[in-house]
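Letter by letter, the chains look like this.
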Amino acid sequence: QQQVKQSPQSLIVQKGGISIINCAYENTAFDYFPWYQQFPGKGPALLIAIRPDVSEKKEGRFTISFNKSAKQFSLHIMDSQPGDSATYFCAASMADYKLSFGAGTTVTVRA
Amino acid sequence: EAGVAQSPRYKIIEKRQSVAFWCNPISGHATLYWYQQILGQGPKLLIQFQNNGVVDDSQLPKDRFSAERLKGVDSTLKIQPAKLEDSAVYLCASSLDRGHKQFFGPGTRLTVL
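Order-wise, the sequence lines are chains E and D. Residue numbers are given in our numbering: position 30 of the first sequence equals residue 15, and the series is strictly consecutive. Converting from the second sequence to our numbering requires adding 1 to each position, the first position being numbered 1.
Bear in mind the hints are in silico, worked out from the structure with no lab data behind them. Glycine included, every Cβ here is placed at the ideal spot set by N, Cα and C. Among the hints, a few may not be true.
Keeping only pairs whose Cα atoms sit at most 35 Å apart, straight-line, the calculated DSBU-like set for lysine-lysine is [what the hints assert, rightly or not]: (1) K79(D) - K83(E); (2) K102(D) - K43(E); (3) K83(E) - K16(D); (4) K45(D) - K0(E); (5) K(-10)(E) - K12(D).
Now the stretches of chain D that chain E is said to cover, found in silico as 3 or more residues with beta-carbon under 8 Å [said to hold, decoys possible]: (6) 37 to 47; (7) 96 to 102; (8) 105 to 114.
Cβ pair distances, simulated, as ranges [unchecked claim]: (9) K56(E) - Q51(D): 26 to 34 Å; (10) A3(D) - A9(E): 33 to 41 Å; (11) K0(E) - N52(D): 40 to 48 Å; (12) K0(E) - P82(D): 47 to 55 Å; (13) P62(D) - L31(E): 25 to 33 Å; (14) G54(D) - G2(E): 43 to 51 Å; (15) Y17(E) - G73(D): 22 to 30 Å; (16) G100(D) - Q(-6)(E): 26 to 34 Å.
Bound conformation, chain E alone (with noise of 0.2 Å):
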């Protein structure tokens, strides 16, 4: 049973474009909501994260929004690189700390 569903599941954006990954959820107890970011060969590594008491948050030229009423947030990739063509896993988890996460985004960056 997946707990957090994730789309698309691959795209693919122009140099200085911006990538949309959007991921869904059911269960309101989830509380902190991270994004990872994979190169192939590579594990995933923590890219941002938000909590449900904020509606955005920025870091450089990635961004999250958060709506908690439709239970949805999306990672906004802004004047995208080829440097940023990467899987992209979106995740939430509750007080217990253990990770739900989505199926993954392979975004390819075409110069």
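Got chain E sorted already, so can you dock chain D onto it with the hints?
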């Protein structure tokens, strides 16, 4: 700062054989996690240790999988006997404590033939 180390990086075995993976977490990290990442899916938590005690192993197939963390540092994950569906990348992660940022190792890619 050294990251999470895992070995081997790749392993190919026949079904019904046994295999073991090793993880060395970041020094001083109390919490250690083992995840299974099947191709095209996100990581799935198998087991979580706090120091050398098990916090959560609810998703560990205990009939064939076992894990230990002796002395609260290194950890090993074992599969015996392996099945075809065990083919995956096995990721180890560690964090300073529960609820803190998790740092992942590069993983061990297991292929079961």
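Status of each hint after checking the structure:
no., hint, in the structure
1, K79(D) - K83(E), "21 Å, holds"
2, K102(D) - K43(E), "18 Å, holds"
3, K83(E) - K16(D), "30 Å, holds"
4, K45(D) - K0(E), "32 Å, holds"
5, K(-10)(E) - K12(D), "31 Å, holds"
6, 37 to 47, "holds (count 6)"
7, 96 to 102, "holds (count 3)"
8, 105 to 114, "holds (count 4)"
9, K56(E) - Q51(D): 26 to 34 Å, "30 Å, holds"
10, A3(D) - A9(E): 33 to 41 Å, "37 Å, holds"
11, K0(E) - N52(D): 40 to 48 Å, "46 Å, holds"
12, K0(E) - P82(D): 47 to 55 Å, "48 Å, holds"
13, P62(D) - L31(E): 25 to 33 Å, "27 Å, holds"
14, G54(D) - G2(E): 43 to 51 Å, "48 Å, holds"
15, Y17(E) - G73(D): 22 to 30 Å, "25 Å, holds"
16, G100(D) - Q(-6)(E): 26 to 34 Å, "30 Å, holds"
Violation of the numbered hints given earlier is absent; every hint is satisfied by the structure.
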